[in-house]
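Visitor: Residues per chain are reported as follows:
2 protein chains.
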Amino acid sequence: MATNEFDLIARYFSQQAVSRKDVPLAIGDDCALLEVPSGSQLAVSTDSLVCGTHFLPDADPALVAHKALASNLSDLAAMGATPAWVSLALTMPEPDETWLARFCEGFFALAEYYQVQLVGGDTTKGPLSITLTVHGFVPQGQALTRSGAKVGDWVYVTGNLGDSAAGLALLLNQQHSDDAQLAATLLSRHYEPQPRILAGQALRDIASAALDISDGLISDLGHILKRSGVGAELDVDALPLSPELCQFMPDRDKALQLALTSGEEYELCFTVPAQNRGAVDTTMAHTGVKATCIGQIRAGSAVSLVRDGQPLDWQLHGYDHFAE
Amino acid sequence: MATNEFDLIARYFSQQAVSRKDVPLAIGDDCALLEVPSGSQLAVSTDSLVCGTHFLPDADPALVAHKALASNLSDLAAMGATPAWVSLALTMPEPDETWLARFCEGFFALAEYYQVQLVGGDTTKGPLSITLTVHGFVPQGQALTRSGAKVGDWVYVTGNLGDSAAGLALLLNQQHSDDAQLAATLLSRHYEPQPRILAGQALRDIASAALDISDGLISDLGHILKRSGVGAELDVDALPLSPELCQFMPDRDKALQLALTSGEEYELCFTVPAQNRGAVDTTMAHTGVKATCIGQIRAGSAVSLVRDGQPLDWQLHGYDHFAE
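Residue numbers (UniProt numbering), protein chains in the order written: chain V, 1 to 324; chain L, 1 to 324.
For the record, the hints were derived by calculation from the structure and aren't laboratory data.
Hints are not guaranteed to be accurate.
Stated by the list, open to error - Calculated pairs, BS3-like style, for lysine-lysine (alpha carbon to alpha carbon, straight line, at most 30 Å):
1. L/K254 with L/K290
2. V/K290 with V/K150
3. L/K21 with V/K150
4. V/K226 with L/K125
5. V/K226 with L/K21
6. L/K290 with L/K226
7. L/K290 with L/K150
8. V/K125 with L/K226
9. L/K125 with L/K150
10. L/K21 with V/K21
11. L/K150 with V/K21
12. L/K150 with V/K125
13. V/K21 with L/K226
As the list claims (entries may be wrong) - With beta-carbon atoms standing in for the labels, derived distance ranges:
14. L/A180 with V/L56: 43 to 51 Å
15. V/S301 with L/S188: 45 to 53 Å
16. V/C293 with L/A10: 28 to 36 Å
17. L/E192 with V/C293: 24 to 32 Å
18. L/S188 with V/G288: 57 to 65 Å
19. V/S19 with L/P24: 29 to 37 Å
What the hints assert, rightly or not - Example chain L residues on the side facing chain V (calculated, C-beta under 10 Å, incomplete):
20. G28
21. A89
22. G136
The model shown is predicted, which means the values in this text are computed figures rather than measured ones.
Glycine included, every Cβ here is placed at the ideal spot set by N, Cα and C.
Go ahead and model the full structure; you've got the sequences and the hints to work with.
Guide: Okay, here's the thing in structure tokens:
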């Protein structure tokens, strides 16, 4: 490895504006030294984005950086944690200063917004990939987990669902839109997800279980059901769709199916005991995040779909939405 | 990504024996939840190993895992930290169960030895690489950093130097030995470094600065000098060489030059105020780790080499030891 060239890369990462008081020692020693506030637990999550698997080689590095950090922060949001630190392992074939400059732009813009400090990492030579490990704080015993859903709890999602998959279809030229503005909006929903940090924190005292939607609502809700030992009934007509998705995909049932399976949404799916439903409305109104009740936890182990109270037997195929 | 196949990978990583009390929630939720003891700072370090850059495609996965974790733990050792948790991001082209089984064998053997719990990570499809983030504890304000060396402090290293580079030369067929036992010993020094965890902890109250030798003594000592604003004089004849290296490389000056530049040794280099020299001997005897005084911190900014008190102008070329 050409150490000097990779030292150059490391210097790109010293340009951050965030300097936290709980970081006595950051980049430049064998380890970072960090301080967790007393009474808090540390929440930690790791995500890798690999070129060719998670993004295209010609993707804008600023958007790649945004998505890498946003998807990682979204895991903190799903626990109700407050973001604090991130480490970055960057592997690239050759030091490419143009790429690095754009990457840092996207990375530090989002990191600064959430006051997340880059505290360390590694830069190595090899096929392009990014691995982030985020750290956040959550008051002792108050984290939102996947295992707390109870029969009778109500199921909610933040924001709208389906836009990310629509944006991906446009990106991969599987679908086309003559409306450039519409296409740009949907692409941006795919590229620039916003982690639901404030909503996650606000839900700590209200929700019984939560996670973020990265593989698709049906699949991710399945994780809550499995860990909680329950089933769920979803009213498909309650699913929140954006006006843009409705315009892009006029067949409403197709749009609803997309909403059920679209991955990389980074919205929160959470369950709420009946007595906390009013608190959800009030709290979400304060955070400015839309939350929609889409169903209820039932005994059992599976997700069943209903329309007008009647079972619906849609066959859903994950990533095959756009297959003929 | 074929989620199910990668779920399979994840299951390999659920076979660990270590279950720490400071891990209320480990693998299986959006984040791990972790508890740092009160009065301790958290030490965190990230390392990537990329196939083709850091190891050969046909390398034994158990040795790759050992080296990945050992080199990462070595960063904790260099801070005087006690290891606690690790997260693992594994990228591989296809789920290869034979490879995974061997990898886990090497990984969990070392993790268990140090009671390090795997608390999370990510498994993704792509070119083979491993990124680890280790977490350890160090009592508030007692971490060993690179910036504390003072003029007059003595410079020490643990263990012997040069064996890793000799093993690498054998591995790459740049050198040959007719003595199979000797070759196996040197190869194992390259493949199976032992992080100096106990020595690092023991040095917390004794050393003024420390780091681990990953790029070569001269280069790494340079980091201490730069961050401490000092220079150093090293007595080349004081450098600790193993009997195996002396046998493998009978030209003593060549062996010494190798010791000065050999990377991936994962021995500690540390500086000690004069009044603590006795404490070094006593403490290192307790830990069973050899520590050798190899020079002294001087005013200035560079490393100068001496023999019998006279300057020596060896030209050292990092990784080119074996070039003709």
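Visitor: So, for every hint listed, does it hold in this structure?
Guide: Going through the hints against the structure:
With a C-alpha separation of about 23 Å, the suggested pairing of L/K254 with L/K290 holds against the 30 Å cut-off. Note on V/K290 and V/K150: the hinted pairing holds, with a Cα-Cα distance of about 23 Å set against a maximum of 30 Å. Proximity of L/K21 to V/K150 is assessed by CA-CA distance (about 27 Å); at most 30 Å being required, the pair is judged to hold. Note on V/K226 and L/K125: the hinted pairing holds, with a Cα-Cα distance of about 25 Å set against a maximum of 30 Å.
With a C-alpha separation of about 24 Å, the suggested pair V/K226 and L/K21 falls inside the 30 Å cut-off, and the hint holds. Distance check on the hinted pair: L/K290 and L/K226 sit about 26 Å apart at the alpha-carbon level, within 30 Å; holds. Proposed proximity of L/K290 and L/K150 is supported: the alpha carbons are some 23 Å apart, at most 30 Å. The hinted pair formed by V/K125 and L/K226 meets the criterion: a straight-line CA distance of about 25 Å does not exceed 30 Å.
Only pairs whose Cα atoms come within 30 Å are accepted, and L/K125 paired with L/K150 is rejected, the gap being roughly 48 Å. For the hint pairing L/K21 with V/K21, the CA-to-CA distance comes to about 28 Å; that is within 30 Å, so the pair holds. Between the alpha carbons of L/K150 and V/K21 the distance comes to roughly 27 Å, so the proposed pair stays at or under 30 Å and holds. Pair hint L/K150 plus V/K125 does not hold up; C-alpha atoms about 35 Å apart against a cutoff of 30 Å.
Using a Cα cut-off of 30 Å, the hinted pair V/K21 and L/K226 holds, with the two alpha carbons roughly 24 Å apart. A hinted range of 43 to 51 Å for the beta carbons of L/A180 and V/L56 is consistent with their spacing of about 49 Å. Checked against the given bound of 45 to 53 Å, the beta carbons of V/S301 and L/S188, roughly 50 Å apart, stay inside it. Checking the proposed 28 to 36 Å range against V/C293 and L/A10 shows it holds: the Cβ atoms sit about 32 Å from each other.
At roughly 56 Å, the beta carbons of L/E192 and V/C293 sit outside the given window of 24 to 32 Å. Separated by about 60 Å at the C-beta atoms, L/S188 and V/G288 satisfy the suggested range of 57 to 65 Å. Checked against the hint of 29 to 37 Å, the C-beta distance between V/S19 and L/P24 comes to roughly 30 Å, which is consistent with it. Satisfaction of the interface hint for L/G28 is found here, the shortest Cβ-Cβ separation to chain V being roughly 7 Å, below the 10 Å cut-off.
Look at L/A89: its Cβ gets to within about 4 Å of chain V, closer than 10 Å, so that hint holds up. Taking 10 Å as the C-beta cut-off, the interface hint given for L/G136 holds, the closest approach to chain V being about 7 Å.
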